[in-house]
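Keeping their order, the protein sequence lines are chains Y and W.
Following the working numbering, the numbering of the first sequence begins with 1 at its first residue and continues without gaps.
Following the working numbering, the numbering of the second sequence begins with 1001 at its first residue and continues without gaps.
FYI, nobody ran anything at the bench for these hints, they're computed from the structure.
Any given hint might turn out to be false.
To be verified - Below are the SDA-like pairs computed for lysine to any residue, each with C-alpha atoms no more than 25 Å apart in a straight line:
1. Y:K81 / W:G1175
2. Y:K190 / Y:G222
3. Y:K114 / W:V1146
4. Y:K114 / W:D1123
5. Y:K114 / Y:R125
None of the values given here were measured: they were computed from a predicted structure.
Each chain is listed here by its residues.
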Amino acid sequence: MTGDALVELEGVTKRFQRGSGAAVTAVDDVTLSVRRGEVLAVIGYSGAGKSTLVRLVNALELPTSGTVRVAGQDVTRLGEKELRAARAGIGMIFQQFNLLSSRTVAGNVAYPLKVAGVGRAERDRRTAELLDFVGLLDRAHAHPEQLSGGQKQRVGIARALATSPPLLLADEATSALDPETTEEVLTLLKRVNTELGVTVMLITHEMEAVRRVADRVAVMEGGRVVELGDVYDVFTAPQTAAAQRFVRSATHDRPSPEALARLREHHPGRLVTVRVTDRPRLQQTVDAAFRDAGTGAELVFGGVGEIRERRAGSLTYELTGDDAAVRRALGALRDQGVVVEEEE
Amino acid sequence: MTVGFFDGFLGSTDVFVRAIGQTLFIVSIAMVVSGLVGLVMGVALYATRPGNLFANRLVFGVLGLLVNVIRPIPFVIFLLAVGPLQSLVVGTTIGTEAVTFAIAIAAGFAVARIVEQSLVGVDPGVVEAARAMGASRAAILFGVVVREGLGPLVLGYTFIFVGIVDMSAQAGLVGGGGLGDYAIQYGSQRYDWGVVYAALVAIVAIVVLGQFLGNRLARAVMRR
């Protein structure tokens, strides 16, 4: 494990006993670390085990086996008092916000400070500072039910940051929000990371959220982490079927099966898709390969944009010419490290 | 002797006023005592439930059994059965004090269940959030759970108030004093329906007023 890891999960398994029935393995032998200062997204469909995984980090759940270290401390072996101190260093926000309805906005933000034994004056000062950071200083005396969903989550973020934790766990923090509000909350989470230097572990099922804020992404399926990498790499070269599905959900530069069928009606040639990365002179390389092989190429589908501020995308061509020419073109591209796939 | 419809009632205004006073005494003491006893038992029931903050099978089982057995006993029978305990604590089995004691105990078990149900209704997500903040179990129980459940708790307590007024009237059967006793002794036994209806109006007024205050309080607590 790298020395700069803030969270280190090693061989962690969590099984739940459901009544008298068989045990359900929610998290299955996961080894994963969250580096200091990064935003690590954990993506998966519901039931993939990601919400259980994040609860192992602040010991809301204890693993059946394996170790969980946060800032070098094994949180699975702490006594109640030490665990409470450790949790003050780990903020958490939730899908349903989980605000205290019996307290005001300011009361919610101040509550973790009260729990930590911070004095009244310092509590008030810190609460105002945090509400200012999330842009809700004017709603300090409102009650949670008077706020919109996005505002509630901003209060949740302010509350989670009250004790200045180096780590923030976000469990489906934008899943109950509409797209516009999601954008607003994601932007705030990114600010928490860049401006305050807080390490974020973001649990989500939305690849768009990963694209917007994460540095790295772990893809979970059936309790296991099946793929882990930089967001750019996973977006431009997803290795597993699960990762490919998530990438397709957030990008629209690959033709869907329906679009492919329509393309075939008008384009009888071979359809091939070239993956666009930020490698220099990519288009010149592609053009040269097609030209040298003697195949005609018509651009029929695709898109190029940015992932993590780097060029990324996908272009689908209809190649015309004999089979040997097409094979030569694809071979030449692959020899130069260009990822190209034939559409089936 | 011919008696007018309201003659008996008007002739005993001071008895009527004294009966109202006794009812208010019984009800208010029983409310306070059962409220405290029930709050403690109800919070204990919630907290010791398996999987909860202070999970304890034994305490939860014993308390649950006690509440389940005692709560459904018809009050008139409970009142008779609690006699030996009355003698021990109050020193007598008749009169207003003895009756108040019995009502407070009976109502306490009902309050316990209502407190437990109010707390069970508190969003577990809020409890999880408090745990994630590093709050102690006691702080979560009182600072979060009881506080979040206060609205339904006050409403439930108001509901109990009606039951206590009901029990205070039934206690009239054993000479416990109050409006029930008054309605029997001065009313029905003398065929003086004016007295009975006067008692009825007074009881209704007490119940309506109590419910009004309870609902107002619950609204203030819930701020909705």
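Outcome of the hint check:
| no. | hint | in the structure |
| --- | --- | --- |
| 1 | Y:K81 / W:G1175 | violated (56 Å) |
| 2 | Y:K190 / Y:G222 | violated (29 Å) |
| 3 | Y:K114 / W:V1146 | holds (17 Å) |
| 4 | Y:K114 / W:D1123 | holds (21 Å) |
| 5 | Y:K114 / Y:R125 | holds (13 Å) |
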